[in-house]
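Colleague: Here the protein sequences line up with chains P and D, keeping their order.
For what it's worth, the numbering used here labels the leading residue of the first sequence as 290, then goes sequentially.
For what it's worth, the numbering used here labels the leading residue of the second sequence as 290, then goes sequentially.
Since the list gives no way to pick out one identical chain from another, each pair is judged satisfied if it fits inside one copy or across any two copies.
Lysine to aspartate or glutamate pairs mimicking EDC-like chemistry, simulated, CA-CA at most 16 Å apart:
#, residue 1, residue 2
1, Lys508, Asp336
2, Lys519, Glu500
3, Lys436, Glu471
4, Lys519, Asp302
5, Lys613, Asp642
6, Lys625, Glu664
7, Lys457, Asp690
8, Lys407, Asp498
9, Lys407, Glu489
10, Lys508, Asp302
11, Lys407, Glu494
12, Lys572, Glu561
Don't read these hints as lab results, they were simulated from the structure.
This structure is a prediction, so every number in the text was calculated from the model and none was measured.
Protein chains: 2
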Amino acid sequence: MNQLNASIITIGDELLIGQTIDTNSAFIAQEFNDVGIWVKRRVAVGDNFEDIWNALDEESGQSQIIIITGGLGPTADDITKPLLCKYFGAELVLNEEVLKHVEYLFHQVFRRPGPLLKRNIMQAEVPENCTVLHNALGTAPGMWFEKDNQKGEKTIFVSLPGVPHEMKGLITNEVIPRLLQEFTMPAIVHRTAFTAGMGESGVAEILQDFENNLPENVKLAYLPSYGMVKLRLTARGENKAEVEAVVSRYFDEMQSYLKDILVSNQDEPMEEIIGKLLKGKNKTLATAESCTGGYIAHLITTVPGSSQYFKGTVVAYSNEIKMKILDVSEQTLTEKGAVSEEIVQQMVKGTLDRLNTDYAVATSGIMGPDGGSIEKPVGTVWIAAGNKNKIITKKFHFRFDRQRNIQLSAINALNLLRIFILDN
Amino acid sequence: MNQLNASIITIGDELLIGQTIDTNSAFIAQEFNDVGIWVKRRVAVGDNFEDIWNALDEESGQSQIIIITGGLGPTADDITKPLLCKYFGAELVLNEEVLKHVEYLFHQVFRRPGPLLKRNIMQAEVPENCTVLHNALGTAPGMWFEKDNQKGEKTIFVSLPGVPHEMKGLITNEVIPRLLQEFTMPAIVHRTAFTAGMGESGVAEILQDFENNLPENVKLAYLPSYGMVKLRLTARGENKAEVEAVVSRYFDEMQSYLKDILVSNQDEPMEEIIGKLLKGKNKTLATAESCTGGYIAHLITTVPGSSQYFKGTVVAYSNEIKMKILDVSEQTLTEKGAVSEEIVQQMVKGTLDRLNTDYAVATSGIMGPDGGSIEKPVGTVWIAAGNKNKIITKKFHFRFDRQRNIQLSAINALNLLRIFILDN
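Same shape as in the complex, but just chain P (with noise of 0.2 Å):
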């Protein structure tokens, strides 16, 4: 079977002057590789027809697949959809079902009183022969067009709008359920596991002679992130059960040089596994936060359904509200300091007390620029998670940026909290 390549163009000046960092197309990417399409170039140019059109002329001549994002906004430095019917020699009209959709959203959804302005309109307005591709979150359609490339191979174009939630949803419910209709994939199965508290070259040194003995048509992927990796093994093959079996005894045994280090056998967050352990066991929890300011608490909310057991968080940034409302010790923080092993204890006590719930998790540390000691450098993090029978602590450095340490301690916090939820 023929490898299926696609070419990304994303369009937009802010690509070209820094402003805007391209998370689309790594979206995009992934989701093409999860059912078997390989990006083979991507391309970024300008709002400026001219490269435009060299860039559709140029990516058809490669891939089988052109995704074009960008450039479809209501806003006049737009010149994506003339270009586009002059590219396919076709006229604007138009589309009821898309005006439909526009006042649909303005009216309803953004309750916008009056007629539609004109540039809004304008946004229904599509070229007459491509397929309209319903965008469910926006104003702008995708547009799906079919033409054949110079040596006479049909290429499939598609433009999506590059607000990233708007070509995120189009992606997914549109794009990759008509691409699986067009073209023979070829049969792709990955599993993947994730692993927390090693970073990426000890887990690879611990799966070396794994790797190693994998056959040709299955691959190893690591993805590190903020303290984890992620572990994809991924099979191809022509006979979908075939390959699933081979992916499955493979990823059995993967994960039995794992160990202590897998945190989940699915690719799911941190935030997911908590949220699952604590259904199960009908349990509640609360956070304390001091560095993380708030960003654990944010996590465990992204999860729908979060409040069946998360009650609540105090975001204790000052010292003051450490002792006003979570009960730490005045003495405890002259004595030992707000970053200290005793405090991240009191903190987990009060909240436990206060917030009333099973379980609580901790932090203080110092995620910089500024604020660091000899003794204390920038990075020092304690986390402590407990219930009301007992508390467990761990100290840790982090040394990157303040973000950075923000996410890890977070994540971190919650790797502490499900080890001690499992035990406990």
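Since the structure of chain P is already known, use the hints to place chain D on it.
Modeller: For chain D alone, coordinates are given in the frame of chain P:
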């Protein structure tokens, strides 16, 4: 003066399977823009000889400067250096200066005992006809090549390692100073403002006449993000002082159209604006979060030094916490429900009282996907901001997914707080 164009080629399979988000290109683009080099195209290709070769050929037809990042690490799958030798018709030679630096790094910095490994010594091999650029932070040097493109025009090719901090050091300390010697740059000036409380098309409507009357060398770009719209004005010319004067004049004019939707005339996030306002007034803040689940606190505490004005948060996810920690009335909860104007007012009062701050902001809403009703559908959010003397409130209706509803609620809460602080 002709426009000086650059292309950025990033190399690595990890970019094409979506494993890595390309932040290098954004950095290079920003630095180049600051000195007047226009990044015309960014291309990502995999670790594949033919794809890299074709990208070099294609980009050298488009730009006078080609920056290549990635593909220079010590592992075996790297093919960039042999390819560069072939592309520029050169042999690999061991560079003694680079070898000394690699030895220094291994022995003095990384503190590795024993002799260098072969693959580390190979890091010091470079094509004989390149100018070596010193990489103070890593073992792989930058390499500067000059070659005529297919039209016979001189083109600069610079190959840099993909590790972000090494690449950044090389761009700043080596590449840009050399390019400034090599080329006469145009003057280019950007000014950014941002607005809140109005969608992109509404802002564009307000600025329609302004935009239509801009001279050819001044451009306006709209960059919408989470309830805000960034407006970037860019001008180019020969003389820096003249260009700055032009931009300033139009930037002032633009601001006069924006009036009360203008949030800032600088490119800064909402949480930094709040921080500056509070520091300027020497006042303190706490938040009381139900539906935002700590996300407002997280945004505020990403700002270094926020402990100066931010004391803490109560995430009152359950009604029990709302009553127990924030003194919200059980009767009001029963009569009005948790998502109501009265409750967010009481949350602000309780926070000011219990956390003892000058200002407080509170949120309560239904983020979805479940929990909505006919009177209070998913996306209904009440926000209040106030001090001891006055509390203002606002009701919002979002209709997106959970993650986006949380982000929109947080940004709009910060904006309501900003407006309150300005007036009180």
